[in-house]
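As you go down the protein sequences, you meet chains A and B in turn. Numbering of the first sequence is given in our numbering, commencing with residue 1 and proceeding in unit increments. Numbering of the second sequence is given in our numbering, commencing with residue 1 and proceeding in unit increments.
For the record, the hints were derived by calculation from the structure and aren't laboratory data. Any given hint could turn out to be false.
[What the hints assert, rightly or not] Cross-link-like lysine to aspartate or glutamate pairs, in silico, EDC-like; alpha carbons within 20 Å at most: (1) A/K404 / B/E14; (2) A/K722 / A/E709; (3) A/K408 / B/E51; (4) A/K721 / B/E54; (5) A/K721 / B/E51; (6) A/K722 / B/E51; (7) A/K699 / B/E14; (8) A/K694 / B/E14; (9) A/K409 / B/E25; (10) B/K31 / A/E447; (11) A/K209 / A/E239; (12) A/K722 / B/D21; (13) A/K408 / B/E14.
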Amino acid sequence: MVTVKIDGKEVQVAPNTLILDAAKEAGVTIPTLCHDSRLNPFGACRVCLVEQVNNPKLQAACTTPVTDKMEIITRSEKLSRVRKTAIELLLINHPLDCPVCDKGGECTLQDLTYEVGVTKVRFDAKPNDTPVDHTNPFIERDIDRCVLCGRCVRICDEVVNIQAISFLNRGTDTIIGTSFEQPWNCEYCGQCISVCPVGSLNNRIYLFKNRPWNLERVKSVCGLCSCGCTVDIDYEGNEVFRMKESPAEGINHGYMCAKGRFGFEFINSIKRQSEAVVKAGGESKKVSFNEAVEVAVEKLRKVKDTAGADAIAVVVSPRLTNEEAFLAGKLAKDVLGTSNLFSTESEEVYPEATLEEVENSDCVTVLNIDVTESNPILGLAVRHAARMGSAPLAVFYPGYTALKRVAKKFVTGNPDEVRASMESYAAAVAGASNEYSEWAAKLTKAERPVVVFDPYNKADVKIAQDIKKACAKVKVVPAKSKNNSVGIVDMGFGAKCATEFAKGLESGKFKAVVVLGENLSARSVWTKSASKAAGLELLLVTDPFMSETAAMSNVYIPVATFAEKSGSFTNLEGRVQSIEKAVDKGVNTDACVVSAIAKGLGAQLPADANAVRGMIEKEVPLYSGINWDGGVVSYPYVFAGEVAATDGKAKGKGRFFLYPASLRLHSGSFTRWSPDLAKVYGEPMLEIGVEDAKELGIKSKDRVKVKGEGFEGEFLVEIEKKVSKGCIALPEDFVATAGIFCNGKSLRADIVK
Amino acid sequence: MATEVKETESAGKEIDFTACDEICEKYKDWKGATIPVLQQVQDAYGYLFSEIVERIADNLNMSAHQIYGVITFYAQFYTQPRGKYIIRVCRGTACHVQGSGRISEIVNEEFGIRNGETSADLKFTLEEVSCIGACGMAPVIMINNKTYGNLKPEDARKIFREYAQLQG
Numbered sequence: 001m002v003t004v005k006i007d008g009k010e011v012q013v014a015p016n017t018l019i020l021d022a023a024k025e026a027g028v029t030i031p032t033l034c035h036d037s038r039l040n041p042f043g044a045c046r047v048c049l050v051e052q053v054n055n056p057k058l059q060a061a062c063t064t065p066v067t068d069k070m071e072i073i074t075r076s077e078k079l080s081r082v083r084k085t086a087i088e089l090l091l092i093n094h095p096l097d098c099p100v101c102d103k104g105g106e107c108t109l110q111d112l113t114y115e116v117g118v119t120k121v122r123f124d125a126k127p128n129d130t131p132v133d134h135t136n137p138f139i140e141r142d143i144d145r146c147v148l149c150g151r152c153v154r155i156c157d158e159v160v161n162i163q164a165i166s167f168l169n170r171g172t173d174t175i176i177g178t179s180f181e182q183p184w185n186c187e188y189c190g191q192c193i194s195v196c197p198v199g200s201l202n203n204r205i206y207l208f209k210n211r212p213w214n215l216e217r218v219k220s221v222c223g224l225c226s227c228g229c230t231v232d233i234d235y236e237g238n239e240v241f242r243m244k245e246s247p248a249e250g251i252n253h254g255y256m257c258a259k260g261r262f263g264f265e266f267i268n269s270i271k272r273q274s275e276a277v278v279k280a281g282g283e284s285k286k287v288s289f290n291e292a293v294e295v296a297v298e299k300l301r302k303v304k305d306t307a308g309a310d311a312i313a314v315v316v317s318p319r320l321t322n323e324e325a326f327l328a329g330k331l332a333k334d335v336l337g338t339s340n341l342f343s344t345e346s347e348e349v350y351p352e353a354t355l356e357e358v359e360n361s362d363c364v365t366v367l368n369i370d371v372t373e374s375n376p377i378l379g380l381a382v383r384h385a386a387r388m389g390s391a392p393l394a395v396f397y398p399g400y401t402a403l404k405r406v407a408k409k410f411v412t413g414n415p416d417e418v419r420a421s422m423e424s425y426a427a428a429v430a431g432a433s434n435e436y437s438e439w440a441a442k443l444t445k446a447e448r449p450v451v452v453f454d455p456y457n458k459a460d461v462k463i464a465q466d467i468k469k470a471c472a473k474v475k476v477v478p479a480k481s482k483n484n485s486v487g488i489v490d491m492g493f494g495a496k497c498a499t500e501f502a503k504g505l506e507s508g509k510f511k512a513v514v515v516l517g518e519n520l521s522a523r524s525v526w527t528k529s530a531s532k533a534a535g536l537e538l539l540l541v542t543d544p545f546m547s548e549t550a551a552m553s554n555v556y557i558p559v560a561t562f563a564e565k566s567g568s569f570t571n572l573e574g575r576v577q578s579i580e581k582a583v584d585k586g587v588n589t590d591a592c593v594v595s596a597i598a599k600g601l602g603a604q605l606p607a608d609a610n611a612v613r614g615m616i617e618k619e620v621p622l623y624s625g626i627n628w629d630g631g632v633v634s635y636p637y638v639f640a641g642e643v644a645a646t647d648g649k650a651k652g653k654g655r656f657f658l659y660p661a662s663l664r665l666h667s668g669s670f671t672r673w674s675p676d677l678a679k680v681y682g683e684p685m686l687e688i689g690v691e692d693a694k695e696l697g698i699k700s701k702d703r704v705k706v707k708g709e710g711f712e713g714e715f716l717v718e719i720e721k722k723v724s725k726g727c728i729a730l731p732e733d734f735v736a737t738a739g740i741f742c743n744g745k746s747l748r749a750d751i752v753k
Numbered sequence: 001m002a003t004e005v006k007e008t009e010s011a012g013k014e015i016d017f018t019a020c021d022e023i024c025e026k027y028k029d030w031k032g033a034t035i036p037v038l039q040q041v042q043d044a045y046g047y048l049f050s051e052i053v054e055r056i057a058d059n060l061n062m063s064a065h066q067i068y069g070v071i072t073f074y075a076q077f078y079t080q081p082r083g084k085y086i087i088r089v090c091r092g093t094a095c096h097v098q099g100s101g102r103i104s105e106i107v108n109e110e111f112g113i114r115n116g117e118t119s120a121d122l123k124f125t126l127e128e129v130s131c132i133g134a135c136g137m138a139p140v141i142m143i144n145n146k147t148y149g150n151l152k153p154e155d156a157r158k159i160f161r162e163y164a165q166l167q168g
């Protein structure tokens with residue numbers, strides 16, 4: 001430890017601590033502009049200059065490490081002058097268009113100008129007048145406002161590892177831009193927007209919609225994937241205006257993805273339903289919430305009396321909160337007396353490693369999943385380990401993913417080849433000598449190895465289990481898909497196999513089905529049987545939108561999204577986090593629906609999240625005494641038992657291997673109602689490699705027919721450099737493609753022009 | 001000096017990436033190899049155009065944008081085709097007072113190019129440089145590696161015309 005004196009206050013800090021951090025320790029704030037504690041020190045703006053006693057040269061606090069007995073002065077006449085000049089110089093070219101700048105009110109440059117007291121511009125240089133760049137669908141780039149702090153370039157490089165933008169030219173001509181002034185194309189994660197201290201990079205979804213001082217804010221958890229990112233929901237009245245990072249907070253460290261940052265628009269969608277619908281005798285009627293519940297209750301009672309409780313099934317979506325799923329379970333088991341609880345999730349695999357453990361791992365293997373798209377923040381953790389911690393990263397995937405840039409080994413090929421490689425790799429971890437022995441040794445020798453895999457692909461689960469068995473210190477990350485995929489299983493919706501529900505529908509066993517938030521038609525496991533649900537005595541569907549399944553229902557009740565309710569989600573680490581209600585769209589929550597139905601059936605179930613939590617703590621052993629704000633559930637096991645060996649080989653015949661594509665901004669459920677995401681990726685697109693496309697003579701945006709055993713469909717073509725030869729890929733979770741992947745995760749197909 | 005200049009913006013024309021790939025292969029796992037790779041690829045292809053930069057990026061597992069940042073930082077890299085003959089007109093103080101501005105004008109009169117531009121037939125490129133270090137011969141120009149000093153405007157024109165007569 002070294003002792004330093006900052007503005008007369010003595011503090012002890014570790015050697016090599018930056019002056020800035022030592023000052024923080026001493027309770028002294030030094031103004032900064034280009035600094036971000038999550039990034040490497042840079043020292044571009046000179047705003048944080050401080051005086052060191054007995055040193056005539058001013059030091060940049062954000063890049064200079066302390067030495068023993070160092071004495072620092074952060075406020076002085078001289079420093080005020082220097083800082084003021086630094087800001088004045090930045091303002092020469094910076095247009096003073098604050099009244100119409102989206103950043104106004106939360107702009108670091110504005111705040112600093114105010115703080116140092118620049119009231120006049122002494123220089124007569126004209127501000128530049130470069131056209132604003134709108135080539136990126138989500139990010140507006142106004143190069144004139146840029147102060148070249150480099151935070152965007154650095155975060156895109158150091159954290160995201162995409163390097164979609166760079167410093168171009170030199171000296172006074174330096175700008176932030178793209179190679180050969182190409183359109184700005186990237187993952188659209190918007191990390192650059194989150195760090196821009198001025199209005200140079202703006203969120204186009206929020207642009208000119210509101211001013212920050214009008215907005216109210218709640219801290220909540222993103223409801224769009226299983227990472228469980230802490231986010232701020234900014235709203236005015238009952239409209240959500242933006243979802244943004246909660247700086248440096250949460251397991252996501254203030255990082256977000258395109259889905260989280262730009263995909264919230266569905267909450268405000270005018271396509272959302274506000275009235276319940278009851279169908280009788282072929283006629284739809286808009287009814288009140290109470291009337292709809294009454295009809296549902298009556299039908300449930302009738303089915304229970306005539307066909308027995310076993311003819312009733314309850315299906316929940318992994319988007320519900322823990323509290324709602326728990327209530328749904330109570331309704332099914334205690335009130336209706338049925339054990340038919342279904343969801344797409346299963347309790348075969350439980351979470352193990354935390355995101356922090358992934359970040360700090362010293363050897364990461366990613367099995368057959370594109371985590372950068374499916375779980376972007378987990379993807380960032382993997383990149384962090386590989387880039388910052390220089391953990392050797394091995395990736396197995398049919399095509400190249402964004403991890404290519406940081407992976408030490410990337411195994412591609414057609415899905416069968418990749419599967420064979422993964423099997424060899426698992427065998428090598430278990431001791432076999434083959435071409436992967438060297439890589440397996442890296443894993444077995446590592447102290448904190450991590451394996452990420454797709455828990456929805458049985459063949460992959462088997463491989464992950466084999467690796468875990470051979471090397472017990474490996475921690476696995478089952479990359480679950482939805483915000484509460486883990487939680488609903490904990491609440492009892494993972495015990496029964498999802499296929500059992502499909503069978504029950506087919507056989508006519510179920511007469512009344514309650515579907516809370518799920519869209520049966522878009523889930524590959526149910527899509528084929530979904531139409532059978534249309535003729536049931538009761539098909540009660542709750543959904544914020546009139547989904548395909550909701551359209552088939554005879555009782556439909558519109559419900560709230562995650563921004564309109566309180567409760568909790570359990571993320572892919574098994575971490576329980578609370579969500580806060582931000583807005584009210586005048587619809588009920590799923591909890592209210594369940595509670596009202598229970599009441600109609602003569603039982604009492606509370607709808608209030610806090611009351612339900614009390615019940616959960618008592619009745620769900622895993623959650624007894626859990627901290628609802630970030631507590632991690634300790635699961636009894638990782639893999640439920642020996643996973644049966646499955647034939648992972650591609651099924652069917654055809655020239656091409658067809659596999660589920662990485663998500664590409666969103667799946668086809670909620671976020672398809674977000675117009676700006678849908679503009680970029682609206683319908684499922686067929687990805688094909690450059691060579692194959694050339695051979696077949698097809699171009700981007702062509703429509704081609706894909707045909708395989710038991711399926712056929714027409715899709716827009718997208719030519720992708722990363723797709724391997726002989727392979728094509730389609731996203732899985734769209735209604736149009738769910739019917740394809742119900743045949744298997746790896747298929748053969750032909751393209752018919 | 002680069003002699004072979006490849007067509008690029010001509011859409012549809014196949015670019016032969018062999019030389020580029022070979023150079024990249026040599027430096028594949030080196031750290032800090034970007035600049036030597038760029039130098040050698042530029043030598044082989046004349047200048048660095050977008051397709052070749054993409055190719056280098058793919059080969060070196062880097063981002064093209066980052067590489068472009070390097071290219072635009074250094075004066076030694078070119079993103080536009082360059083002429084067979086590079087005319088460097090010294091615009092340093094000594095040459096300036098000796099009227100080197102007029103020599104640049106003559107280049108423009110003869111070939112229609114200004115500073116940094118290349119003639120349409122890819123024969124001449126004009127580069128105004130700060131100082132060649134031969135102030136005693138002011139005004140001075142260089143054409144590729146040959147130096148011409150104490151120039152009168154009409155001498156310079158004569159020299160340019162001689163080069164223009166040369167084959168290829």
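A quick look at each hint next to the structure:
1. A/K404 / B/E14: 27 Å, violated
2. A/K722 / A/E709: Distance ~26 Å between A/K722 and A/E709 Cα, so the pair is violated.
3. A/K408 / B/E51: 25 Å, violated
4. A/K721 / B/E54: Measuring from Cα to Cα gives roughly 12 Å; hence the hint holds.
5. A/K721 / B/E51: 14 Å, holds
6. A/K722 / B/E51: Holds. A/K722 to B/E51 sits at ~17 Å (cutoff 20 Å).
7. A/K699 / B/E14: Distance of about 18 Å is within 20 Å: holds.
8. A/K694 / B/E14: Holds, because 14 Å separates the two Cα atoms, which is no more than 20 Å.
9. A/K409 / B/E25: Roughly 17 Å between the alpha carbons, so the hint for A/K409 and B/E25 holds.
10. B/K31 / A/E447: 27 Å, violated
11. A/K209 / A/E239: 11 Å, holds
12. A/K722 / B/D21: 18 Å, holds
13. A/K408 / B/E14: 32 Å, violated
Hint violations for this structure: numbers 1, 2, 3, 10 and 13, all remaining hints satisfied.
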